[in-house]
Structure formats: C-alpha cells, structure tokens
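*Asks:* The primary structure of each chain is shown beneath.
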Amino acid sequence: MKRLLSIAPLLVAIIAIQLLCAATGTLYYLTQMTMSAYYALLIIGLCVLMGYAGQISLGHGGFFAIGGYISAALTTHNLEPLQENVLVAALNSLGLLHAGVDLYGGTFLVVTPWVACIVAILAAVLISYLIGVPVLKLKGHYLAMATLGFGIIIYRVVLASEYFGEADGISGVPGFTLVPGLTVSGDFSGRIQNYYIAWGLLIIGLILLLNLIDSRVGRALRAIHGSSEAADAMGVNTARFKIQTFVLSAVFAAIAGVFLTHYNGGIGPSEASVMKSVRYVALVAVGGMAHLWGALTMGVLLNFLSLRGVFGSYDDAVFGLILILIMLFAPNGILSLRWRPGLAKQVDEKGDG
Amino acid sequence: MTIELFIQYCFAGLTYGSIYAIVAIGFNIIYNTTGIINFAQGEFVMLGGMISISLLPLMPMPLAIALAVVITMAVGALIEIIFIRWLKNPSVLRMIIITIGLSILIRETAVHIWGEGIRALPYFIGNQVTAISVFGARISPQVLVVIGVCGLMVVALGLFFKTTSVGRQMRACSANRTAAVLCGINTRNMVTFSFVLSAGIGALAGCVMSPITYSEYDIGTGLAIKGFTVAIIGGLGNAGSAVIAGLLLGLIEAFSVSVVPLAFQDAIAIAILLVILFVRPHGLFGSSEAAGLKEF
Amino acid sequence: MNLLQVDQLHKRFGGLHAVSDVSFAVRQGQIKAVIGPNGAGKTTLFNLISGALPVTSGRVIFKGKAIQGKKPYQIASRGIARTYQNIKMFSGMTALENVMVGRHTRSRAGFMASMFNLPGTPAEERAIRAQAMDLLQLLDIADVADIPATSLAFGQQRAVELARALAMEPELLLLDEPAAGLNIYETAEVGRLISKIRDLGITVLLVEHDMSLVMDISDEIVVLSFGQKIAEDLPAAIQQNPDVIKIYLGEE
Chain F
4 MKRLLSIAPL
14 LVAIIAIQLL
24 CAATGTLYYL
34 TQMTMSAYYA
44 LLIIGLCVLM
54 GYAGQISLGH
64 GGFFAIGGYI
74 SAALTTHNLE
84 PLQENVLVAA
94 LNSLGLLHAG
104 VDLYGGTFLV
114 VTPWVACIVA
124 ILAAVLISYL
134 IGVPVLKLKG
144 HYLAMATLGF
154 GIIIYRVVLA
164 SEYFGEADGI
174 SGVPGFTLVP
184 GLTVSGDFSG
194 RIQNYYIAWG
204 LLIIGLILLL
214 NLIDSRVGRA
224 LRAIHGSSEA
234 ADAMGVNTAR
244 FKIQTFVLSA
254 VFAAIAGVFL
264 THYNGGIGPS
274 EASVMKSVRY
284 VALVAVGGMA
294 HLWGALTMGV
304 LLNFLSLRGV
314 FGSYDDAVFG
324 LILILIMLFA
334 PNGILSLRWR
344 PGLAKQVDEK
354 GDG
Chain H
689 MTIELFIQYC
699 FAGLTYGSIY
709 AIVAIGFNII
719 YNTTGIINFA
729 QGEFVMLGGM
739 ISISLLPLMP
749 MPLAIALAVV
759 ITMAVGALIE
769 IIFIRWLKNP
779 SVLRMIIITI
789 GLSILIRETA
799 VHIWGEGIRA
809 LPYFIGNQVT
819 AISVFGARIS
829 PQVLVVIGVC
839 GLMVVALGLF
849 FKTTSVGRQM
859 RACSANRTAA
869 VLCGINTRNM
879 VTFSFVLSAG
889 IGALAGCVMS
899 PITYSEYDIG
909 TGLAIKGFTV
919 AIIGGLGNAG
929 SAVIAGLLLG
939 LIEAFSVSVV
949 PLAFQDAIAI
959 AILLVILFVR
969 PHGLFGSSEA
979 AGLKEF
Chain E
2 MNLLQVDQLH
12 KRFGGLHAVS
22 DVSFAVRQGQ
32 IKAVIGPNGA
42 GKTTLFNLIS
52 GALPVTSGRV
62 IFKGKAIQGK
72 KPYQIASRGI
82 ARTYQNIKMF
92 SGMTALENVM
102 VGRHTRSRAG
112 FMASMFNLPG
122 TPAEERAIRA
132 QAMDLLQLLD
142 IADVADIPAT
152 SLAFGQQRAV
162 ELARALAMEP
172 ELLLLDEPAA
182 GLNIYETAEV
192 GRLISKIRDL
202 GITVLLVEHD
212 MSLVMDISDE
222 IVVLSFGQKI
232 AEDLPAAIQQ
242 NPDVIKIYLG
252 EE
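Chains as they are written, first to last, in our numbering: chain F, 4 to 356; chain H, 689 to 984; chain E, 2 to 253.
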C-alpha cells in the first residue's frame, strides 16, 4: 500500500502525458515515450547491479540483444520446411507454434511470441549466469573490460550470423499478443494501448526492484557495497548475491529487448553495440547510481530526447559528455547535486567495486 | 600450410602484434603512474593516423607524422590537465567511466572532422605492390617499417626509463608515490608526462600502421581491448612482458584466420582476454602476490 | 566442553611467520583473551579463525567440526561473529540498518520472496527491525538508530558494531580490541558489557591491549609473541609469568 502511494505521482504523470498528447494532437510523442519506457526497464535493472551491488557492466546491450534477437529470430524464421523434424512436430502438437499465411499467399510456421519470449528470458538467465560466475570474481578495471568484452562478442556474433540477419538485423517481427486484446506492436491504432503496456511493465519492474531494495536482500547488497569484508563476516554470501543481481539485471535487459523488438517490428546489430552499453551506464550514472527513481527519470528523459533526434548527429557525443561531466562534478548523479553533498565523498571511498 | 604462407602469417602476426604491444605499453605507462586504465588509449592511435593524413597535403610525410605525434601528445596532456589532474583520490569506477567518456568524445569529434570514411597514409617505401622476398614469401616493406619502428620505440622507452632523469622519476612514482613526493619529485607533472608519453607512442604507431591497416574514426575501441588483453597477459604494469604478449596475440590472431572465419577474429582476442581474466588475472608472466598488492 | 579449538595453526606471509604453530582451546561460556605486543599475530589469528585469511597449515575446530578453509560467510553462519579493530561500518546505511544486516543469517527472504513480497516476508522484516531495535536499546544507542552509521561518534560506532555482531546470535564472539580508542570510563563500560554478553550465554574471545580490562574480565589468557604462544594461564598467573613480563617490560 505504501509502495502504491509512493508511485502514485508517477501514475498520474503517465496518464497526464497521454491525455495531454491526445488533447494537443501530438500522439506521435507516445511512440518515443513507449520506447523510452522499455529502455528504462533495462536501466533500472542495471541501476540495482551498479548502484546497489556495486558491479559495473559494460555489456548490458548484449543482454538486451539476446532478448530481442532470440525473440525476433524465433518468431520470424519459418519452420515449415522442418515440419517433419521430431522436435518441430512435437512443439507444433503442443500448440507452441503458430501457422499462418504471409502477404504473398505462402504459408509459414513460426514459434509463438509467448514461447519465444520465455526462451529469450531463459537464454538470458543461462548466459548471464555462465558469464557472471567467473566475471563477478573480478573487480574494477578487470570487471569493466570483461563485461565490455562480453558485449563485443555478442555484437560480433549477431553481425556474423546469417541466422540473426548479419548487418541488416531481423525485420518483420510480428506483434506480441500478451492477452487477447493487448498486443505489443507498432501499429498506429495500438499506440495508446502500447504506451500503457510499456509503462505498465516499467512500473511493475520498478515496484519489484523497490521491494527488493527495501528487503533483506537489498540490505545485504548495500552492505556488500558498504564493506564487502564485514558483509562477508555477517554471513552474507557476497558472491552469490552479486551473481543473482547480475542475472536479475540481465533478465530485465532481455525483457526490454523482447518487448521493444516486438514493438519496433525488428532489431538491428546496433542494439548490441558497445556504445549502447556505455549509454546505459551513463544513464544509471546520471540518475545517481544507487537511485532507482533517478535512473528511471533520466533513462526516460534522455532516451526520449535522443529518440526524438534532439541531439542530431551529436547523439553519442552527448552521452559521452554527460558521462564525463557527471563523473567529474556529480558522481552521485544529477539529482544529488542539491541535497546530498556528503555522499560524493562516499562514492569515492566505496565506489570501486 | 606451405612455408611461404607460414612466413606470411608470421609477419602479419608480428605487425599487428607490435601495434598491440605499443598500445599495451601505453596502458602500462599510465597505469604505473596513476593506477588508472585509460580506456581512451586506442583513440591516441586513431588520432595519430588521422592527423598525419590530414597534414600530408601541406608538408612532407616525415614532418606530417612528427607534427601529428606532437599534436596527439598535446591532446594527451590536455586530457590529463583538464579531466584528471584535479580529482582527489577518485575511485576506480569513476576513472573507468571518465576515460570511457573521453574515448567517446574523441571518437565523435573525429567522426565530425573526418567523417566515417577509411583513409590511409601512403606506403613509406614503394607502394602497395612493392614486396621483398623473405624465404620465398613476399612481404611489404611497410611491414618491416612497422615492426622496426615499434621495436625502436620499445628500446628507446627502455633507455628513457633507465638512463634519463625524468624516466627515473617516473619509475620512482610508480614504485611508491608517497616516497617519490618526499624525494621532491613533482608527481603531478609525472602523471601529465605519462599521458603525453603514451599518447606519443600511440600516435606514432597509428602513423606507421596506417598504410597497411588503414585509419578510421572507430578503430580505437578494438585496439584498446586488444591492447588491454596484451597488458593483462603480460601482467598489468609490466612493459617488458607486454612486448612478448603483444607479439603472441598478433601471431595467434594471424594463424586463427586459417581456422576461424574473419568475422570472428576480434572475438578471439576477447575470448583469450576472458579466459586469462578468469584463470590468471595477474597475467601469464606476473606473480599473483605482486598482483594482490595492486589496487584494481 | 571446548567450543573452539585451535590446533597447530600456522600462517606464513612470504618469509614471515605471522602465526606459528599456535594451539589453544576456548571453553563454552568462557571469556578468553589473547594478548601480546604489537605485531604478535593477534589480529592475524582472528582473521584465520573467521576465515578472512586462508591458513597455511593447522586446524580450527568449532563445535567439533573443522572450519579452516571455509569461507567467512560460511563460518559466520555456523555461529561465529566478529568485530574489527578498525571499525567497519556499512557506509551509506543507518545504525539500525547496520544492525539489521546482522540478522542476515537468522532470516531467509531471498530475491523472489523480497521482490514479490511473498507471504511471511513482511512479518520477517518487521521482526528483524524489532530485534535490531532491541539490541540498540540494550547498548543504549537507540536514539541514534536513524543516523548514518559512519557519521556517529567513535564510541557509538563501536557499540553499533557490537550490536551488529550480537544480532547474529553467535555462539562465539570475536572482539578485536573492543576498547581501542576509548577513554578509561568507556573502557570500564565495555568491560561490563562483555561480562553481560557472556551472561547471555555467548562465549567471548578477545584481543586487547588494555591490560586492566583483560585482567579484570578474562577467565583465561593466551599470550602471543612474534606469532608464537608463550603462555596460557589464568590472569593472576599470567601477571606473575616471567616470560610474559620479559616481553612486555623488556629484558633487564
């Protein structure tokens, strides 16, 4: 109940923005608001990893891409030629495949979005766990480079695989019908519906993470950040908590990837690029590392501006500049500039996880 | 594999390997005086190549290269003075993010100045098809220039750190900063100097490699991660073993072409990096006890 | 019954033998002190028992089971709590939250339970808060519960650290110089507190420099010098022990 009260202003703002756009005939803004909400979902997940568990990841674009690409590939690759295959036949008889007729009258058989989504999330869990176990033993520069390296590998893989469309990416991804009547897709008719789906998902994500932060687990994470050695001596299994947080944030990234891909109707390799991963880190940093609300606000705001093309060809440069300025002058985020001056020092002392 | 092909691969490996070694030494120089990994290290290489190409129409090539190196050194100095010098005990995380931001800024500036096109300096000796025969394999003289210049740089750096006063002061800084201050060494200037030095060697490497590997605004990240791989294999902070590690990585990459598709070539270096990080984060040649004392 | 038994414990750093072949036992319900000059290996000994450092050789037996080689969090969850000579507060958390972390091993909510607020989680959270508050009251620092722990006065931070350790409901409490940096009144107060902790049924092993405190409250004393045990006896006997006098006062 208390939680609902704390997010009430956000709910009001979401509805107000929609009504305002409808009233002024600027509903096209909702498209970018929808996309920003999905990116923000990734960013709040990364915020918990960076701000609370104190682990940097320069590879979260990779998890976004894992979600988006797996979902896109499964829902677009025609399995009809493989119909005789035992596995395909089994999936089909379980009702996990979807048959249809394309624009040219050809028939096709693809995996349904729900199944694809679950596969994508499971893949993200598996990969983040396998990567996380060794990677999270590293610290500082080593962790940064290892996660950066992971991101580049994902980028290279999608760029070099025919299955993932190489440099063109995958297009023609169908809509994702969550429940009858609610479909994630880029259709103009569903613009308002999709705006609420995206923000609904983001709010659910936010509530889950706020719950987490306020719990025994969140306390343990902050304790690790505060003094890893003492947390260990209190019985906190630091390695396990770091890995679980890493997996959690990867799942958030993958879900964002799945939904945004269905919304956009496709995905390209740039989503897996280093620059994207760095941008996510920048947004978490601007929001104030250990500050879910800040990460959410900044994630939505700056992504919205970027998607509207406000920064023009200086898009990446703007994020680079933001990173530097924030780290130089307000290492605890732009929101901390006014009322939490003492914390700047703390990040310096403790922020080298 | 024929002996000619084998030699060809060897030289290709040594060429790239010596560039990686120079980038890794650049990492090490800055790491030793500051404890920072400068993620913008690869950008120095890019700047060296790009600036010299732009200067070429105005002056003879040696002068263009020299000036490009000087300008890049100035950029290195400016970066340190503007962004790094005045921070008091910044955390590792903060420095990582700042240098990443810098690398993005430099790259984006480059793309706005030079565009996305691929450029190259002309071959220093002869042209694209000039070749000399080594045991039957045809090798471009430029390859020997790259290997030779990188080798000379390593020797010169070694002499610099051993024999000159400034070099000794920098070594003192990396050994024990507090003690260096007590001996009257201006450690801040040494830090600036380390940025200048690693910008300089990066830029020179960028010039000599340009005819073979071409210069492009976004080569920095790839070089940085490979240079870092090399620095890690050699043991962070250890310039001598970085040379061996660099050549090793270059050779592995060159020979991997016969096994792995070209598109995955970058992934090989990274996979090696990940494996090394997981198994021996203090490097193949480093000792774990020394690594334990360092602050990552 | 021996709660803790240290058997031929050895720790080498390169060529330095920080702890060499030290053996002693701590009986259930005892207050045992480890004393010795600076660099005698007392803190290293604690780090070996709590798992913060790996042992070179030897055994640490707690409740009849060998625990050397286990991770610190595993040793902690078996019932050994510790404090630090240089206080290690969780920065960015209040005094109360610091103590609440101490309930970690005595509570269970995981990622899923916490995120979805599964049944039982809110109740457990309330219990953790109440128990932590009780401990702050016990140590007379309830009034600073909501203040960031790192901004408290030194003595208060020591108290918070102690409350945090007690929150674990340990069977064995390792106190590393609990009176360091305190004045004589505060030291006396710490002494009373340690006795009170023992009366709660918690066995205490402490490292301390303050002789008056050690002589006052300890049941038995182990003396270390250059990593070796040179005496183990009752306080009165330790005071008369010529070897101990020699290391503290120097040779004539």
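Any given hint could be a false lead.
[Said to hold, decoys possible] Derived BS3-like pairs: lysine-lysine, alpha-carbon spacing no greater than 27 Å straight-line: (1) E:Lys71 with F:Lys140; (2) E:Lys89 with E:Lys71; (3) E:Lys71 with F:Lys142; (4) E:Lys89 with E:Lys72.
Since the hints were derived computationally from the structure, they do not count as laboratory data.
*Asks:* Starting from the hint list further up, note which numbers the structure goes against and sort them upward.
*Replies:* none
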